[in-house]
Each structure stands twice: as C-alpha cells, then as structure tokens.
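**Student:** Take the sequences, apply the hints, and build the full model.
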Amino acid sequence: MSFLEIRSVSKSYRQHQALKEVSLEIQRGHIMGLLGPNGAGKTTLIRMINRILAPDSGTIILDGTELGPQHSRRIGYLPEERGLYKKMKIGEQLLYLSRLRGMSSGDSLNAAKKWMTRLEMQNWWNKKAEELSKGMQQKVQLVAALMHEPDLLILDEPFSGFDPVNAQILQEIILERRAAGTTLLISTHRMETVEDLCTDVVLIHQAGVVLAGPTQAVRRQHSGNQIEIHCVGDTASPPPAPPAHTPVSSSSSEESIHRLVFEAAPSDWPAIIAHYNQHSRIVYFAERLPSFQDIFIKAVGPHHQA
Amino acid sequence: MNKIPLVAGREFFTRIQSRTFLVMSLLGPILFGLFILVPVLMAQWDNESTTVWVHDPSGNFDSAFANADGMKFQKLPQGTLSDGPLNAKDSANIRELLQDSETGVLSLQVLDSTWKTNIAYFSEQSAGLQITERIEDAVNERIYQLRMNQYGLDPQTIESLKSESDLKAYVWTEEGSQDSHTEMATMLGFGAALLMYMFIFLYGSMVMRGVIEEKAGRVMELLISTTSPFELMMGKILGIASVGLFQFILWILLGTGISTLIGTLGLTASQVPETPGNPDWMQMLGSMPWESIVPLFLFYFLGGYFLYAALFAAVGSAVDSEGDSQQLVMPISMPIILAFIASQFVMQNPHGSLAFWMSMFPLTSPIVMVVRLPFGVPFWEIALSMSLLVTAFVGSVWIAGRIFRIGVLMYGQKVSLGQLRKWLFYR
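Protein chains in written order, with the numbering used here: chain A, 61 to 366; chain B, 77 to 503.
In short, the hints are calculated from the structure, not lab data.
Incorrect hints may have been included.
[Claimed, not checked] List of simulated lysine to aspartate or glutamate pairs, DMTMM-like, C-alpha gap at most 20 Å:
{"no.": "1", "chain 1": "A", "residue 1": "149", "chain 2": "B", "residue 2": "289"}
{"no.": "2", "chain 1": "B", "residue 1": "244", "chain 2": "B", "residue 2": "259"}
{"no.": "3", "chain 1": "A", "residue 1": "147", "chain 2": "B", "residue 2": "396"}
{"no.": "4", "chain 1": "A", "residue 1": "80", "chain 2": "A", "residue 2": "65"}
{"no.": "5", "chain 1": "A", "residue 1": "194", "chain 2": "B", "residue 2": "289"}
{"no.": "6", "chain 1": "A", "residue 1": "188", "chain 2": "B", "residue 2": "289"}
{"no.": "7", "chain 1": "B", "residue 1": "490", "chain 2": "B", "residue 2": "398"}
{"no.": "8", "chain 1": "A", "residue 1": "146", "chain 2": "B", "residue 2": "289"}
The structure displayed is predicted, hence computed values, not measured ones.
**Tutor:** Shown next as structure tokens:
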C-alpha cells in the first residue's frame with residue numbers, strides 16, 4: 061500500500077483550473093520528484109497535502125487514513141516562500157514552529173539542538189533572523205521541517221539558494237532520511253536533482269499529470285531505443301557499419317576510439333554488438349537514456365513560456 | 077483548537093519582551109500626565125504679556141480692570157485719543173500704539189446718564205474669546221456698580237440677595253431614593269469610553285499589523301500548514317488582548333505609584349487647585365454600584381475588542397503592506413469614531429433614543445453602553461445589548477475567519493471590499 065495517495069483531486073480558482081483529476085501515489089521510503097513548468101499546479105498540490113488548501117473534489121490518503129489535522133505532526137514542510145519572524149531569536153522560532161507541529165517543549169529543545177549542530181549552526185540560537193543571510197535562513201527553515209522527524213517530508217525547491225557545500229549536506233540529509241524510512245516529495249526545476257536523488261517522478265503540466273513512474277522506467281520509456289557503442293579499431297576511420305543499420309551519429313577521437321549511436325529495436329541490439337565485436341574491440345556499451353531535461357522539454361513543449 | 081494557547085503565548089511573550097513595550101509602559105503614564113497638564117500650563121502661559129491701553133475719557137472705569145492672567149491694563153494718557161467719537165487722526169494713533177506686539181487698545185465711550193457704554197477693542201490679531209469676555213465682564217460689573225450707586229443701593233445688601241443652590245438628582249428605586257451622582261457617572265462613563273476607544277484602536281491595529289508582518293515576512297505559509305487559520309487568528313487576538321490588559325495594569329500601577337510619589341512630596345496641595353464646595357469624591361466613589369458596573373465594563377471591553385480585533389485581523393490578512401490597509405480600515409474605524417463622538421451627547425442624555433439605539437447596535441454598543449452604565453440602565457436593555465454583541469462577535473469571527481483563510485495566501489493583489497465579500501463564499 062502506498063504511503064501517500066492522491067485520488068483524482070481537482071481544484072480551481074475563479075476562472076482558472078489549477079488541478080484537474082490529479083492522481084498519484086508515493087510508496088513509503090521513496091523520493092518523488094515533482095516536476096512541472098511554473099504555474100502547472102505544483103504549489104496547489106503541495107498546499108493541499110499540507111492542508112493549507114482543500115480540494116474541490118477528490119481525496120488525499122496518508123498512511124491509510126484520509127488527511128486530517130492529526131497528520132500535522134507527521135508532515136514536514138519547507139515552503140518555497142522562505143520566511144521567518146525577523147525579530148525573533150532563531151532558537152525560539154524553532155521551538156515555536158515544532159511545538160505547533162505538536163512536539164512537547166522538552167523534545168523540541170533537544171531536537172533543535174541536535175539539528176542545529178548537524179547543520180553547523182549551533183551558535184545561532186540567540187541570533188535574530190534579520191541578522192542572517194538568505195541561505196542561512198533557509199537552513200533554519202530546513203531545520204524547522206526536519207525537527208519533528210516527519211514521516212512525510214515535503215521540500216519545495218530545496219536546493220535553490222544553497223551553496224555547493226550546503227547543497228551537499230542537504231543531499232546527505234535527504235538520503236539519510238530516506239534510509240530512516242521517511243517518504244519525500246521534492247518539487248524542483250533542477251533536473252540533476254531528479255536524476256541523482258529521486259526514485260520516482262511525476263510531471264504536472266496544464267493542471268494534469270503528464271507522466272509518472274519510477275525514474276529509470278520513465279527514462280527508458282522515452283529512450284527512443286538508442287544505444288551507444290565505443291570501440292577501438294585498427295584504423296583511423298570506424299569499422300564498416302553492420303548491414304541494415306546506419307549509425308545516427310559517429311565520431312572518432314585521436315586515439316582511434318569511435319563513438320557510434322544507433323537507433324534500433326532492442327531485438328536488433330545483439331546483432332549490432334556481435335558485428336562490432338568481430339571488427340573491433342568494444343570498450344563501452346550502453347543504452348542511451350534521455351536526460352530529464354529532454355524529457356521535460358519534450359513533454360511540456362519547447363515553446364512553453366515558463 | 078489546542079494550538080490557540082501556543083499562538084497566544086508567543087504573541088504575548090515576544091511582545092512584552094520587546095523594547096517598544098517597555099518604552100510604552102514607562103512612557104504611557106508620563107504621556108498621559110502631560111496630556112492633562114500641558115493644556116492647563118499652556119492656558120496659563122498663553123497671553124502672558126498682553127498690554128491693553130484703556131482709553132476712558134469719562135474716568136469712570138479706573139478701578140474696573142485688574143492685572144491678572146497675563147493681561148496688563150494701562151490708562152492711556154489724556155489727549156492721546158479724542159474724547160468724542162474716534163476720527164481719522166485717532167486711527168493713525170491707534171495704529172501707532174499697535175506697533176508693539178501683544179498690544180490692544182480699549183476705547184470706552186459712555187453714551188448717556190444710564191451708563192450705557194460703547195466698548196471697542198482694537199488689536200493686530202483678532203481678539204481671543206478670553207480677552208473679550210474678560211473685558212465685557214469687567215465693564216458690565218462696573219456699570220452694575222455705578223447703577224447701584226445711582227439708585228442708592230448698598231452693594232453688600234445686593235450681594236446677600238444672590239442665591240447659589242445646587243440641584244441634587246436622585247434615582248427612585250425599589251429600595252427608596254438614591255443619589256444619582258450625575259457628575260461622577262459622567263466622568264466615569266466618559267473615562268471608560270475613552271479607554272475603550274484607545275484599547276480598540278491600539279490593540280486592534282496591533283492585531284492587524286501582526287498579521288501583515290507574518291504575511292509580508294512569508295512565515296504565514298509555514299504557520300497555516302501547521303495550524304488552522306482560525307486557531308492562528310484567535311491565538312493572535314487573545315495573545316494581544318493579554319498584552320493590552322497587562323499594559324493597562326502596568327499603567328495603572330505606575331500611574332498610582334507616580335501620583336502617590338507626587339502626593340508624598342507635598343506637591344498636591346500647592347499645585348492642584350482645591351475645589352471647595354464639591355461633594356466628597358471618596359464618598360461618591362464608594363457609593364457607585366461597582367459590583368455590577370465592573371463586570372459589565374469588562375464584558376463590553378473584551379466584547380468590543382474581540383469584535384473589532386477579528387475585523388482588523390481580516391483586513392491584515394487581505395493586504396500585503398500596512399500602506400495598503402488604509403482604505404479597508406476606514407469602514408471599520410468609522411463606527412468606532414462615530415460611537416465616540418456620540419458618547420458626548422449620550423453623556424448629556426443617557427436615556428434618550430440616540431443612546432438607546434447606539435447601545436444596542438453591536439459596532440457602537442461597547443463604547444456607548446459603557447457611557448450609559450454608570451447612570452443605571454434597565455436590565456432588559458443590558459441583556460439585549462449583550463446578546464447582540466455576542467452574536468455580532470461570533471459573526472465577525474466567522475467573517476474574519478473566512479477572509480483570513482483566503483487572504484493569507486493572496487499576494488500582490490489590491491483587494492477591494494467587493495472581493496472580500498466574494499472570499500466569504502469560497503470553498
């Protein structure tokens with residue numbers, strides 16, 4: 061049974077339909093990447109899971125029960141709108157926010173100290189938010205999302221605004237949380253995040269789900285049956301092409317390494333490999349999967365105005 | 077519901093720890109004292125050195141004017157102005173005299189044997205009411221004396237004929253008659269109305285600013301993902317109400333402390349003018365029906381505050397910055413201001429129909445009813461007004477809650493009243 065299940069949820073504002081019959085599921089312990097051009101309805105979906113907005117129709121099921129106020133304790137949220145109380149001390153803000161999530165004051169205090177140490181911000185307790193840089197404030201907000209060790213962690217553009225060092229720490233934390241059994245939903249425009257981190261992916265466009273599934277499966281679906289072969293031959297030019305197949309592209313390096321790309325049905329792949337094995341030495345062979353950048357643009361349309 | 081105390085607690089503790097709160101708590105009583113003292117002092121300093129040249133050809137008014145309260149009267153040397161009606165040459169002379177600043181010229185022309193007198197006063201700036209009244213009074217008093225002399229009457233006998241009786245008003249009740257303490261009731265009612273007015277504006281707008289701060293600082297999204305908008309709004313309203321009450325208590329304590337201090341330093345006797353002939357204040361204070369008035373005051377205080385604070389919260393949620401709030405605050409502040417203005421008339425006629433209707437209408441009743449209470453209000457009127465206020469409070473919280481829930485997520489829109497009405501019926 062999936063941990064988070066969204067069943068044909070719709071939501072519209074005055075003249076504008078934000079989500080139309082959207083359904084998706086996330087398995088426990090998975091990391092789902094939520095993709096989509098600006099204005100596709102991602103924020104609306106995230107707000108509904110956080111119970112900020114109510115769906116016009118459809119239901120959201122979390123861990124077997126319909127979403128309700130009792131789930132606040134189990135959800136952690138890093139909104140895209142980063143904000144803190146400017147004049148309030150960091151420590152006090154964290155205590156307040158985690159207590160709003162339903163933690164006891166003792167637990168909050170321990171958790172705040174633990175996570176502030178983990179993110180190397182143990183000296184910030186008495187600092188006011190207005191004294192911190194934007195990236196530093198983002199770390200505080202991240203702690204607020206993590207402190208109560210939620211079962212479902214929703215991160216909206218978590219990497220934007222972080223320097224490479226903090227981005228690395230964040231990535232470690234995401235994987236660590238996943239290992240601890242947390243389910244994650246990450247909304248992002250950074251495709252490498254999806255490729256590196258996400259086990260599953262869903263792409264929302266024009267209020268509906270355009271594609272969804274496990275990351276590798278989605279890439280394979282869009283592969284276009286391309287394979288790439290690198291082989292080393294005796295000559296400066298590549299070996300002759302196998303009968304009935306012409307490479308889509310071909311290039312040769314100075315060391316006589318030839319890179320060849322074929323578009324062929326998987327059933328033809330063994331023949332192509334056998335051909336090159338005979339005429340040269342294969343040093344690299346792989347199915348050529350498209351990047352999420354390509355998939356995204358193909359699905360949304362290259363002329364889409366973001 | 078269980079998060080309301082948490083939200084209220086944050087509002088209370090962060091606010092009372094702020095520097096503004098400390099400064100306001102200390103300055104409040106001082107400012108309030110100055111508020112009362114300054115007009116008194118200013119009135120004394122004002123017109124400090126007005127010199128009035130008195131042109132009195134008949135010589136009858138020599139003794140009429142006394143130098144006091146910053147007015148100095150000097151006899152104009154004989155022949156400066158003509159004895160008869162003033163002519164063009166006199167005008168030039170008067171203009172000459174008025175060259176000095178803070179100078180006036182008073183011309184007294186006795187017209188006939190009954191001492192009918194033309195009084196003319198010339199000055200550079202138009203003469204204030206204080207000056208004209210004093211001169212009129214002095215001249216009339218002198219003419220009165222002159223006429224008494226003419227008829228051979230003894231001034232002392234005349235003085236002894238005057239009567240100065242005070243009316244004492246009583247309220248007829250089941251237990252017999254009681255003093256109605258009109259003056260006391262007026263002061264008490266007006267004081268309470270003033271406090272009420274201040275409380276609604278000071279702390280109601282604090283609620284509004286608090287909401288705007290959370291919205292502008294973008295904490296709102298995080299807050300409403302953990303709390304329902306209703307809890308957030310109620311927590312804020314309650315927290316700030318406690319801040320207000322706490323501040324008022326501090327002010328009362330500090331104010332009492334300061335006045336006791338002044339009292340022990342012995343300043344009271346010499347500085348504050350005694351009011352002889354006034355009834356015993358302590359006795360009157362003691363005889364007010366406090367046990368029924370105080371709880372009712374508190375009820376209207378909190379009821380009025382909650383009613384308005386909810387509306388202020390709704391406005392705060394609908395705008396992005398304080399500057400944008402003006403046009404939406406206007407419709408809310410109108411009834412408060414109206415009620416406060418009306419309360420001056422209500423004091424004079426606490427049982428009239430204006431007083432009755434405005435003490436029933438929930439948006440004005442907290443201020444108007446508070447003015448009426450010390451005069452004694454029939455039970456059924458209080459009960460009706462209270463239940464209307466409670467109903468309106470529930471209604472305003474409902475309305476504000478609906479607007480709040482939508483408003484906090486809206487950014488970058490200029491919101492009109494029409495839009496707010498639409499938000500009420502959103503899902």
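**Student:** State for each hint whether it applies.
**Tutor:** These are the hints, each one checked on the structure:
no. : hint          : verdict
1   : A:149 x B:289 : 16 Å, holds
2   : B:244 x B:259 : 11 Å, holds
3   : A:147 x B:396 : 19 Å, holds
4   : A:80 x A:65   : 16 Å, holds
5   : A:194 x B:289 : 18 Å, holds
6   : A:188 x B:289 : 15 Å, holds
7   : B:490 x B:398 : 12 Å, holds
8   : A:146 x B:289 : 9 Å, holds
Of the numbered hints stated above, none is contradicted by the structure.
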